[in-house]
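S.K.: If you want the building blocks of each chain, they are given just below.
Number of protein chains: 2
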Amino acid sequence: MNSQNNLEYSKYSEHAETSETIRILKEFRSQDIPYNRVLSSMCTTPHPLALKAHEMFIETNLGDPGIFQGTKKLEEKLIGMIGELLHGSEVAGYICSGGTEANIQGIRAGRNKMRDKIKDSRNPNIVIPKSAHFSFEKIGDILGVEVRRAKLDEEYKVDVSEVEKLMDENTVCLVGIAGTTELGQIDPIVELSKLAEENCVELHVDAAFGGLVIPFMNNPYPFDFQNDGVSSITIDPHKMGMATIPSGGILFRNESYLRALEVETPYLTSRTQFTLTGTRPGTGVASAFAVLHGLGFDGMKKIVMECLKNTRLLTEEMISLGFEPVIDPIMNVVSFKTEKAEKIRNELMKRRWIISSIKEPRAIRFVIMPHVTEEVIKEFLSEFRKIINWV
Amino acid sequence: MNSQNNLEYSKYSEHAETSETIRILKEFRSQDIPYNRVLSSMCTTPHPLALKAHEMFIETNLGDPGIFQGTKKLEEKLIGMIGELLHGSEVAGYICSGGTEANIQGIRAGRNKMRDKIKDSRNPNIVIPKSAHFSFEKIGDILGVEVRRAKLDEEYKVDVSEVEKLMDENTVCLVGIAGTTELGQIDPIVELSKLAEENCVELHVDAAFGGLVIPFMNNPYPFDFQNDGVSSITIDPHKMGMATIPSGGILFRNESYLRALEVETPYLTSRTQFTLTGTRPGTGVASAFAVLHGLGFDGMKKIVMECLKNTRLLTEEMISLGFEPVIDPIMNVVSFKTEKAEKIRNELMKRRWIISSIKEPRAIRFVIMPHVTEEVIKEFLSEFRKIINWV
Chain A
22 MNSQNNLEYS KYSEHAETSE TIRILKEFRS QDIPYNRVLS SMCTTPHPLA
72 LKAHEMFIET NLGDPGIFQG TKKLEEKLIG MIGELLHGSE VAGYICSGGT
122 EANIQGIRAG RNKMRDKIKD SRNPNIVIPK SAHFSFEKIG DILGVEVRRA
172 KLDEEYKVDV SEVEKLMDEN TVCLVGIAGT TELGQIDPIV ELSKLAEENC
222 VELHVDAAFG GLVIPFMNNP YPFDFQNDGV SSITIDPHKM GMATIPSGGI
272 LFRNESYLRA LEVETPYLTS RTQFTLTGTR PGTGVASAFA VLHGLGFDGM
322 KKIVMECLKN TRLLTEEMIS LGFEPVIDPI MNVVSFKTEK AEKIRNELMK
372 RRWIISSIKE PRAIRFVIMP HVTEEVIKEF LSEFRKIINW V
Chain B
22 MNSQNNLEYS KYSEHAETSE TIRILKEFRS QDIPYNRVLS SMCTTPHPLA
72 LKAHEMFIET NLGDPGIFQG TKKLEEKLIG MIGELLHGSE VAGYICSGGT
122 EANIQGIRAG RNKMRDKIKD SRNPNIVIPK SAHFSFEKIG DILGVEVRRA
172 KLDEEYKVDV SEVEKLMDEN TVCLVGIAGT TELGQIDPIV ELSKLAEENC
222 VELHVDAAFG GLVIPFMNNP YPFDFQNDGV SSITIDPHKM GMATIPSGGI
272 LFRNESYLRA LEVETPYLTS RTQFTLTGTR PGTGVASAFA VLHGLGFDGM
322 KKIVMECLKN TRLLTEEMIS LGFEPVIDPI MNVVSFKTEK AEKIRNELMK
372 RRWIISSIKE PRAIRFVIMP HVTEEVIKEF LSEFRKIINW V
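Chains as they are written, first to last, in this note's numbering: chain A, 22 to 412; chain B, 22 to 412.
Derived by calculation from the structure, the hints in this document are not laboratory data. Any given hint might turn out to be false.
The list cannot tell twin chains apart, which means a pair is met if one copy fits it or any two copies do.
[To be verified] The calculated DSS-like cross-link candidates involving lysine-lysine, where the alpha carbons are at most 30 Å apart (straight line), are:
#1 Lys-323 with Lys-94
#2 Lys-364 with Lys-94
#3 Lys-322 with Lys-47
#4 Lys-47 with Lys-73
#5 Lys-94 with Lys-73
#6 Lys-134 with Lys-151
#7 Lys-323 with Lys-47
#8 Lys-186 with Lys-330
#9 Lys-371 with Lys-98
#10 Lys-371 with Lys-172
#11 Lys-330 with Lys-140
#12 Lys-47 with Lys-94
#13 Lys-134 with Lys-186
#14 Lys-73 with Lys-330
Please build the complete structure, drawing on both the sequences and the hints.
M.R.: Following this line, the structure appears as structure tokens:
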């Protein structure tokens with residue numbers, strides 16, 4: 022890779038045991054399991070355009086936007102592009118470390134905006150689906166917000182009447198999921214949005230995974246800012262956007278949410294900072310932009326369609342082997358009921374194949390990312406068939 | 022860069038307007054100011070070894086350590102190396118997004134461990150120096166912790182008697198800085214450690230910058246785990262460790278602090294997660310390891326010594342121009358008193374030279390990172406001399 026100015030590190034090169042260092046790095050790296058044996062990650066091999074862009078922006082630091090003025094403008098352009106995809110007309114936001122930071126910031130903005138409107142400002146709560154990502158427990162601890170988990174309906178969507186029951190005068194925010202981690206299900210965001218509006222609370226949509234899947238599906242479910250009650254959306258380019266890690270996204274309906282997050286920055290080139298982190302790589306912006314701009318809507322749609330086709334392929338094969346999907350797959354996530362879920366997962370892991378297991382209901386879970394090609398699925402199934410009879 | 026398995030993205034390449042995308046990326050990137058005109062950043066051009074390692078680990082995700090088993094082991098090795106540098110015998114920790122996350126996690130672990138020991142568990146406070154980084158305001162808001170700022174002494178170190186005055190029965194944590202952002206000053210950590218021990222509260226040391234400077238200085242100040250009261254230390258490889266962004270570090274005295282941060286992870290290859298983020302790049306681990314292992318203690322010391330030499334060079338030149346340093350520089354950070362600080366900064370910025378200004382006292386501030394070579398300093402001074410007479 023290039024570095025922008027020629028440093029004088031060379032004068033120290035006699036001390037650098039470079040070859041031994043690289044040997045150790047290779048040794049450790051070789052112990053990682055390659056992506057073409059991973060059928061349960063929501064991340065994937067970065068797109069070649071993402072890698073190229075990453076290399077160009079390797080030195081950049083968006084924590085100091087007065088220095089990295091071009092990278093900052095590129096981020097604004099990217100946020101505009103994603104905002105348009107999400108039907109927002111005044112969106113504001115930034116590219117962050119990932120879904121957890123995005124969810125923290127969504128809930129934190131909601132908590133801060135609602136602080137003076139709830140009964141006991143020191144005792145805020147949020148109502149989230151039982152299916153929400155485990156990181157919301159972390160967020161509850163970090164932000165000092167009580168997390169109330171609402172029951173799901175038979176399709177594993179959140180039951181809106183259960184959400185309503187859990188709300189009280191200290192509720193600051195509701196959460197809906199567009200693409201649940203376990204099943205890829207989409208919550209009834211339209212109804213949640215109405216409920217949020219009626220009760221004057223915020224609504225955060227966690228579309229970390231689904232945000233870059235749903236818009237490219239046929240007849241996409243309206244999960245985004247087209248619902249007036251939606252305040253903020255998590256959407257991660259380093260998942261289905263095929264960007265390099267870290268590239269998470271948090272978008273707000275408008276700038277007022279950023280104001281609720283801001284602190285002053287005495288010695289930087291900017292005056293305030295609304296991000297959670299300070300130093301922040303520009304690589305996530307560049308790689309996400311490269312993929313979305315380079316492929317365009319049509320290119321993204323083709324990749325999503327291919328993932329959905331492969332998901333159907335896997336599902337049919339699994340059904341023919343006697344497995345029943347927990348729900349008919351909505352997107353490229355699918356889980357199959359089995360009491361032996363953990364045992365199957367562990368046996369596969371011994372053979373360096375990675376799938377995951379879930380507990381309610383007991384099932385094995387697959388995420389069919391772009392790296393999970395038809396060939397990978399076939400190779401996996403041939404190994405899978407060998408073990409299911411005796412596991 | 023290489024990607025580990027060959028994806029079938031090529032089938033979509035007819036849709037990728039690659040050349041136009043790359044042209045746009047180049048155009049934005051060219052608007053950034055190159056590091057050899059930046060004299061106020063605590064980040065720097067990554068070391069060539071860091072870039073090489075980064076490339077090798079570009080796909081890795083430490084959020085799923087069961088997949089990236091080798092990268093996870095490399096992180097443990099690196100934490101062990103940094104722990105040894107910081108005189109810890111049982112340290113535990115991880116490589117994170119940067120100083121803010123590290124400081125959040127240090128304070129959060131302290132808050133959680135102290136929750137049942139303070140008088141009002143819903144009203145915790147921390148006592149930090151006035152000189153602490155602005156991100157502590159953010160942390161106060163995020164964690165719901167009251168932030169009390171203690172006055173400094175004449176040398177801009179925190180006044181320990183002022184810290185003691187601000188403590189009460191709801192204090193969970195003290196903070197000391199080893200390398201303040203504005204002046205590079207080191208707080209009296211030895212005395213703060215005694216105070217923390219006497220009062221059974223935690224002590225977090227923010228050595229984001231100084232942690233990879235002080236150990237390589239002659240007669241290093243004992244800021245680390247050799248003080249029994251120090252609970253946690255922030256130390257960022259992407260600052261003086263010349264690693265790629267993001268590579269922050271949070272180290273705890275022992276594993277019990279990780280337990281205070283943990284949540285369960287139902288569908289990952291690990292069972293619990295103590296990090297703030299979920300998905301987490303392995304590049305920060307690899308690049309930090311590459312530099313520390315490749316250069317070794319002696320190589321790091323040479324780079325630090327060179328930065329200190331260049332800091333003295335700049336200081337002498339500035340004194341000869343009639344500027345007085347706020348304190349004699351301790352490390353490679355130096356600020357000079359002037360009522361015209363902001364005007365000077367702005368004039369330089371118009372000429373695409375970046376320095377920063379501080380307010381108490383009014384001063385212009387420099388950080389002499391490895392990219393700020395003798396040549397860069399001379400070129401800067403020739404521009405600086407032109408403007409100071411009429412600003």
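S.K.: Run every hint past the structure and note whether it holds.
M.R.: Hints versus structure:
no. : hint                 : in the structure
1   : Lys-323 with Lys-94  : within (29 Å within a copy, 37 Å between copies)
2   : Lys-364 with Lys-94  : between (50 Å within a copy, 25 Å between copies)
3   : Lys-322 with Lys-47  : between (36 Å within a copy, 26 Å between copies)
4   : Lys-47 with Lys-73   : both (22 Å within a copy, 11 Å between copies)
5   : Lys-94 with Lys-73   : both (19 Å within a copy, 28 Å between copies)
6   : Lys-134 with Lys-151 : both (25 Å within a copy, 28 Å between copies)
7   : Lys-323 with Lys-47  : between (35 Å within a copy, 27 Å between copies)
8   : Lys-186 with Lys-330 : neither (39 Å within a copy, 66 Å between copies)
9   : Lys-371 with Lys-98  : between (45 Å within a copy, 24 Å between copies)
10  : Lys-371 with Lys-172 : neither (35 Å within a copy, 58 Å between copies)
11  : Lys-330 with Lys-140 : neither (50 Å within a copy, 59 Å between copies)
12  : Lys-47 with Lys-94   : between (37 Å within a copy, 12 Å between copies)
13  : Lys-134 with Lys-186 : within (23 Å within a copy, 33 Å between copies)
14  : Lys-73 with Lys-330  : within (28 Å within a copy, 37 Å between copies)
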